[in-house]
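Respectively, the protein sequence lines represent chains A and B. For the first sequence, full-length UniProt numbering assigns the number 1 to the initial residue and increments by one for each residue that follows. For the second sequence, full-length UniProt numbering assigns the number 1 to the initial residue and increments by one for each residue that follows.
These are calculated hints, taken from the structure and not from any lab test. Just so we're clear, the structure is a prediction, and the values are computed from it rather than from any experiment. Backbone N, C-alpha and C define an ideal beta-carbon position, used for all residues, glycine too. Treat the hints with caution; some may be incorrect.
[Stated by the list, open to error] Chain B stretches covered by chain A per the calculated footprint, using a threshold of three residues with CB under 8 Å from any CB of chain A:
#1 207–221
#2 252–261
#3 298–305
2 protein chains.
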Amino acid sequence: MIVGKKHKIIDCTIRDGGLVNNWDFSVEFVQHLYKCLNAAGVDYMEIGYKNSPKLLKGSESSGPWRFLKDDFLQEVIEEKQTTKLSALVDIGRVDVNDIVPREKSMLDLIRVACYIKDVDEALELVQLFHERGYESTLNIMALSNVKENQLIEAFKRISHSVVDVVYIVDSYGSLMPSDIQYLVKMFQKHLPSKRLGAHMHNNLQLGLANTLAAADHGVELLDCSVYGMGRAAGNCPTELLVGLLKNSNYSLRPVLDMVEKYMIPLRNIEEWGYLIPYMITGMFDEHPRSAMAFLNSPDRNMALQFYDMLTVPNVKS
Amino acid sequence: MIVGKKHKIIDCTIRDGGLVNNWDFSVEFVQHLYKCLNAAGVDYMEIGYKNSPKLLKGSESSGPWRFLKDDFLQEVIEEKQTTKLSALVDIGRVDVNDIVPREKSMLDLIRVACYIKDVDEALELVQLFHERGYESTLNIMALSNVKENQLIEAFKRISHSVVDVVYIVDSYGSLMPSDIQYLVKMFQKHLPSKRLGAHMHNNLQLGLANTLAAADHGVELLDCSVYGMGRAAGNCPTELLVGLLKNSNYSLRPVLDMVEKYMIPLRNIEEWGYLIPYMITGMFDEHPRSAMAFLNSPDRNMALQFYDMLTVPNVKS
Numbered sequence: 001m002i003v004g005k006k007h008k009i010i011d012c013t014i015r016d017g018g019l020v021n022n023w024d025f026s027v028e029f030v031q032h033l034y035k036c037l038n039a040a041g042v043d044y045m046e047i048g049y050k051n052s053p054k055l056l057k058g059s060e061s062s063g064p065w066r067f068l069k070d071d072f073l074q075e076v077i078e079e080k081q082t083t084k085l086s087a088l089v090d091i092g093r094v095d096v097n098d099i100v101p102r103e104k105s106m107l108d109l110i111r112v113a114c115y116i117k118d119v120d121e122a123l124e125l126v127q128l129f130h131e132r133g134y135e136s137t138l139n140i141m142a143l144s145n146v147k148e149n150q151l152i153e154a155f156k157r158i159s160h161s162v163v164d165v166v167y168i169v170d171s172y173g174s175l176m177p178s179d180i181q182y183l184v185k186m187f188q189k190h191l192p193s194k195r196l197g198a199h200m201h202n203n204l205q206l207g208l209a210n211t212l213a214a215a216d217h218g219v220e221l222l223d224c225s226v227y228g229m230g231r232a233a234g235n236c237p238t239e240l241l242v243g244l245l246k247n248s249n250y251s252l253r254p255v256l257d258m259v260e261k262y263m264i265p266l267r268n269i270e271e272w273g274y275l276i277p278y279m280i281t282g283m284f285d286e287h288p289r290s291a292m293a294f295l296n297s298p299d300r301n302m303a304l305q306f307y308d309m310l311t312v313p314n315v316k317s
Numbered sequence: 001m002i003v004g005k006k007h008k009i010i011d012c013t014i015r016d017g018g019l020v021n022n023w024d025f026s027v028e029f030v031q032h033l034y035k036c037l038n039a040a041g042v043d044y045m046e047i048g049y050k051n052s053p054k055l056l057k058g059s060e061s062s063g064p065w066r067f068l069k070d071d072f073l074q075e076v077i078e079e080k081q082t083t084k085l086s087a088l089v090d091i092g093r094v095d096v097n098d099i100v101p102r103e104k105s106m107l108d109l110i111r112v113a114c115y116i117k118d119v120d121e122a123l124e125l126v127q128l129f130h131e132r133g134y135e136s137t138l139n140i141m142a143l144s145n146v147k148e149n150q151l152i153e154a155f156k157r158i159s160h161s162v163v164d165v166v167y168i169v170d171s172y173g174s175l176m177p178s179d180i181q182y183l184v185k186m187f188q189k190h191l192p193s194k195r196l197g198a199h200m201h202n203n204l205q206l207g208l209a210n211t212l213a214a215a216d217h218g219v220e221l222l223d224c225s226v227y228g229m230g231r232a233a234g235n236c237p238t239e240l241l242v243g244l245l246k247n248s249n250y251s252l253r254p255v256l257d258m259v260e261k262y263m264i265p266l267r268n269i270e271e272w273g274y275l276i277p278y279m280i281t282g283m284f285d286e287h288p289r290s291a292m293a294f295l296n297s298p299d300r301n302m303a304l305q306f307y308d309m310l311t312v313p314n315v316k317s
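Construct the entire structure; sequences and hints are all you get.
Okay, structure coming up:
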C-alpha cells in the first residue's frame, strides 16, 4: 500500500481518443485540454502518436495528432506549464530520424507500445529515446493473451534495459481487479528496479476499478482519458481517477470544465464506451475489432447475433 | 473466499428500474424478462414494490409494478419456474393487510428497505412476513451516511430477529471496493448468523466492481439489473454479473436477449447510467435527487454549474 502522493496520472484523451475520431481534434480542443489538465494537476498529457505517415497506409485523412511534429507542437503549446507532454510510438511505425533531442522538443516522455514478440525491438527504441534525453515507458499490449513463460523471458531483457517504466496494458478490457493484483505482483517480483504503469480499458465497466487496484498495489503511472474517450469501450475516465485516487491532490473541477465544453458535445457525434459488442469482446478476451465492425453495420443493436458470431463455430466468420 | 456456487443473483430491473420510468413496463416486457432470467439461471426476480397506493401520494399514474397485487401477479406469471419472485416494501408505505400468506401468493421473498433509524419498525415487518411464510431481507439504505455506533447498536436487534439476510446498500453509489470489504467484515463480525446481501449503484462506475468485491468476501445475495437500469446512475448490470461471477453457472445469452429486445430500445427513450451529475453526487456521497432535478432542467449538460451548486456555499440552494 502506497502512502503519500506516489502516483502520476497520464491523460491519453488525444492519443487513445484519436482512435475514435481519426485524431480530428481542433487545436483549440487540445489547447483547452492542456489548460484543464494543468489546472487539475494532472502529471502528463499524451498529445498523440509520434509515428511516421510514411510508414502507415491511409494516413492522409488523419488529424495531426497521429503524426506529431515538433514544430507543430511548439505552435500548439505556446507556453509549457507543469503538465508534461507524452507521445506514443508503435514498433515498425516510427522513423527514428523524426526523434530530435529532447531539448529541441516539447515532449518529455516517449512511450513504446509493442506486443510481447517485439520486446527486443521496443527496447532498442527505448535505448535510442533514452540517449536523446527522453523519459521512456515500455507498454506491453494484450497482456491478457501473453503466456507467463513468454513474459518472464521478456522480463530478463527488460530488467537490463534503460527503460524507466513498464506498463501493464489491458488492451482488450478483459481483466478483473484480482487479475491486476496478480500481474502487478508478478511484474514487481521480476522487475524490482522498474517503476510500473497501468493502462486499462472499460469493456466490463472495470476501467476505474482496475486502475485503482493497480494503484493500491504500487503501480505508479496511471492512464486515463477524459469522459473515458478511447478506442471501443474507452479507458478509465480521468474525472473519476482525479476525483477518487487516494493520497492525491488533483482538482476535479477543471476536468469537468473539459467534459462540459468539449466531451459531452463530442460524445453526441462520436461513439465510445459501454456498448454490448465491446462488453462481449472484453468478456471473451478478444480484440474489439469485430465489435467495431459490427457496430458500423445495420445490425449494430443485435446483441445476440454478435454473441453467436463469437460463440457458435459455424457462424463465426 | 467462497468456493463453489454460494451466490444468488437478484435481478431488480422492474423494481429499481421502475424508479426511472414510473413502473411503465408492459406485461409482455415483464413476462419476457422472467423467461430470460429463468433461462439464465438467475435466482430471484424482484418484480416490483408491494407498497400500498393508499399510503403514497401521486400514485395514480404509476404502473402496476409499484403496487403489486397477488391476483395480478398470478395473471402475469402464468407458470412459476425456477426463478423465485421478490418484492420490496418501504417502512410506512406498506399495508400489512395486503400481505397474504405465502402459499396464496406468487412471491417468495419480501425485502424491507429502511433507514437506520427505522430498523425496529422494519424488524417488526420482517417478523410478520416471516410468520406469513416468506423469506425476508432487511435492506439498510444509505449505509455510507450511517455512523458506525448507530450501526453496531442496530446489529444487536437485527441479530436477535428472524430476518434471513441483511443487505449492504450503497444508495448513493459512493462506496469503493475497499469500503465494501470493510463493511462486509463488520457485518460478518456483528451478524455471524445472518446471510448478507449487496445492492450497489453505479455512479462512479463501480457497481460491478463493488458487487464482485462483496461476493469475494462472502456476501451471498447480489443485486443487479439488466443493462444497469435503476434510479439515476443505475445498478450493477445483470449481464456483467452473470458473465463474470466466479464459480457460478449462469448463462449470459438469455440476458443479452432481454438487452437486445427491450433494454436498448428503452434506453433510447428513458435515461439512466453514467451521467456527470450522478457521478458528482456519488463522489460527494449525496442522494441523487439534486442531480435528477438538474438533468430535467435546460442546463442539464452544464457540469460545472452543478458541481458549483454542491460545492460553493452561496450557490447551493
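Hints violated by the structure (numbers, ascending): none
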